[in-house]
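Novice: Assemble chain B onto chain A, guided by the hints.
Residue numbers (my numbering), protein chains in the order written: chain A, 1 to 304; chain B, 1 to 341.
If you're looking for bench data, these hints aren't it; they were derived computationally from the structure.
Source: prediction; values computed, not measured.
Accuracy of the hints is not assured; some may be wrong.
Below, computed lysine-lysine pairings styled on DSS-like, alpha-carbon distance capped at 27 Å [what the hints assert, rightly or not]:
1) A/Lys-283 with B/Lys-275
2) A/Lys-259 with A/Lys-63
3) A/Lys-61 with B/Lys-35
4) A/Lys-70 with B/Lys-275
5) A/Lys-232 with B/Lys-334
6) B/Lys-129 with B/Lys-203
7) B/Lys-275 with A/Lys-48
8) A/Lys-63 with B/Lys-35
9) B/Lys-334 with A/Lys-12
10) B/Lys-183 with A/Lys-48
11) A/Lys-48 with B/Lys-129
12) B/Lys-334 with A/Lys-61
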Amino acid sequence: MVFKQRIHDVLKGAVERITPPRTVSAYRDKGVLTPDEFVLAGDNLVGKCPTWSWEAGDPNKRKPYLPPEKQYLITRNVPCLRRASSIEADYEAAGGEVLLENEDDNGWLATHGKPSDQKMDENTPTITDGCYTKNRAVIESDLVKDSNDNDDDVPDMSDFIENDDATIETSYPTAQEPDEDNILRTRTYDVSITYDKYYQTPRVWLTGYNESREPLTPELILEDVSQDHARKTVTIEDHPHMAGKHASVHPCRHGAVMKKIIDVLLSRGVEPEVDKYLFLFLKFVASVIPTIEYDYTMDFDMGS
Amino acid sequence: MMSSSSPSLSPEMLKFELWKGSVKEDFWHRLVALKLDVYRLDDKPLEIRGYFAPSLHQNYLQLRYESFHSESNIGSGSATDHGIGSSMQCSVPGTLYNANTKEEFAAFDKRTLMNKEAEKLWNDICSSKAIEDCTLLNRFFVISYADLKKWRFHYWFAFPALVFQPPVTSSGFHPAVEYFNEKEGADVMAACMSWRRSLSRDKPFFLLHMNDNRIDARPIGDWVDCQQGGKVIVAFYDPCQDIRYPGWPLRNLIMLAARHWNTKTLQVLCYRENKGQADLELSLVGDVIIPEYPDLESSSHIPNAVGWERSIQAKGPSKQGPKVIDLAASMDPKRLAQSAA
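Okay, chain A solo, but in the shape it has when bound (with noise of 0.2 Å):
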């Protein structure tokens, strides 16, 4: 199984190394974007919301096709406060509804809940099969880490303590917190956004820490994925700027999602202006990652 996504990575970096990006406009028809429209839609978001910003990232792994300074979107230390896996039961009575805050409009909420989840296990059972075994193995390593760990390696610095009258000793989270501070410790995820050229969508990646601010591994971060997604949508891989394993969300179904949103506003009179689109797009992940508060708000006219 995770020989055939092997497969398929390589496939996918062919076929991205020889075709050249996409030049004409799609988005209203397929769903998905040039890089120009890509950089377009992230100018927008950036200008919209403060907390995201556009990143140059590694100067080895730019992308020739989008400009140097804009390489990919980031929004940084986005608290999560609860995890996906725990309110499942909730998100389960629920639906989709809460996610698009949009109770009176089934039409709209039917388009990208459940029905396209389902096609996406019949249509790719390749990824999703093989992500799960990646994910497997991913859990056995860190059993091995666990059982190896020992104290013995970490240097011993106890006997250096400095004293001080003005420092307050932050609070760390320990198992009984006194939270006399009122301050909420959590999780935090870096989200960001990169250009897909294969799929020609954007592609969103999470990078978790815990309460501690220290990474997550990508096991912990499937958590607060939800549980639809994790191991199916939502897979382990190299992120195309940055080091390290993380979690994405598998942009394999986002042209036709984005297409199915995209006709329903058009069915409503509303032209899809194509800088809206990762709007948009982030509603739409939102019902992946449900419990991580990234900042998409817009005043935007679904048409209801």
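Specialist: Only chain B this time, still in chain A's reference frame:
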């Protein structure tokens, strides 16, 4: 023009919340690459940069790939300014002392390293360099040891802050929303946001000058000018989130004020944001009372500095000690091969 003053409590020693550090995984990937390709056994201190925003959940000083900004002469392409100043993040100058062995790491002379930083800080304050470039008031350094056999990284942050002897006092810090009336609050927010959004976003200390019903944000170098009329509040990007205490960067700012500004009291705004917007419920206002410091007249008397990070991972009651992160899962070629097989 201010509304009511805060309740008159007797001044107490002012306490500051210590900064915290966080390292993104790609920082270590970059260090390993630099170590293997460029530095090898050379363990000279490296100039790096840390990043923070005075925002809820962003209070940790973070090291990431771009932290090796000045060291990015390897690889292709110019790395000038990549990532710097973006996403409303401020960069902070720092130093990385990376040891080649566990023994060298354990043997770092922590007192001496801290004293060295105190000297840098004090020189920058005395020479007024820190007034021209206030980013120099926020400093940090990290001692580390990268175990490339086990892919474990030991590290310990320090955020040097000069110590007042005797301490400065305050009758307390309170949420800014209680301090300003509605119009002032709106004007203060607008002035701060325009400072943040301008090219000055990397200037984490500034003045709010209130004159003729106007509130302007100005560089700290304008202190004397601002004394000509109106009222001045000293503001700083505060990485702390506690609504009882100001954050760490205020310490060095007060030291600069004590040395240069000939003032007994300082009105301070701890500027904090939520979701990219100024937040006056999180931001604090307070008066700082600065005692006489005859010692500060002389540049040769270097104050002490403190600021080693506390950590949940550290042993002992003081919680002072290094942290460790295991990145074998994403770095060890063997493990990577296993999980891909």
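Novice: Each hint needs a verdict: does it hold in this structure or not?
Specialist: Hints and how they fare:
1. At most 27 Å may separate the alpha-carbon atoms for a hinted pair to count; A/Lys-283 and B/Lys-275 meet this at roughly 17 Å.
2. A hinted pair counts as satisfied when its Cα atoms are at most 27 Å apart, and A/Lys-259 with A/Lys-63 qualifies at roughly 26 Å.
3. Among the hinted pairs, A/Lys-61 with B/Lys-35 is consistent with the structure: their alpha-carbon atoms are about 20 Å apart, no more than 27 Å.
4. Distance hint between A/Lys-70 and B/Lys-275 is fulfilled; the C-alpha atoms sit about 22 Å from each other, no more than 27 Å.
5. Restraint check: the Cα-Cα separation between A/Lys-232 and B/Lys-334 comes to about 26 Å, which is no more than 27 Å; the hinted pair holds.
6. Straight-line distance between C-alpha atoms of B/Lys-129 and B/Lys-203 comes to about 13 Å, which keeps the hinted pair within the 27 Å bound.
7. Taken as a hint, the B/Lys-275 and A/Lys-48 pair is honoured in the structure, with Cα atoms around 12 Å apart against an allowance of 27 Å.
8. Distance check on the hinted pair: A/Lys-63 and B/Lys-35 sit about 26 Å apart at the alpha-carbon level, within 27 Å; holds.
9. At most 27 Å may separate the alpha-carbon atoms for a hinted pair to count; B/Lys-334 and A/Lys-12 meet this at roughly 25 Å.
10. A distance of roughly 25 Å separates the Cα atoms of B/Lys-183 and A/Lys-48; the hinted pair therefore holds under the 27 Å criterion.
11. Of the supplied pair hints, the one linking A/Lys-48 and B/Lys-129 is violated, its CA atoms being roughly 36 Å apart against a limit of 27 Å.
12. Of the supplied pair hints, the one linking B/Lys-334 and A/Lys-61 holds, its CA atoms being roughly 24 Å apart against a limit of 27 Å.
Hint compliance for this structure: hint 11 alone is broken.
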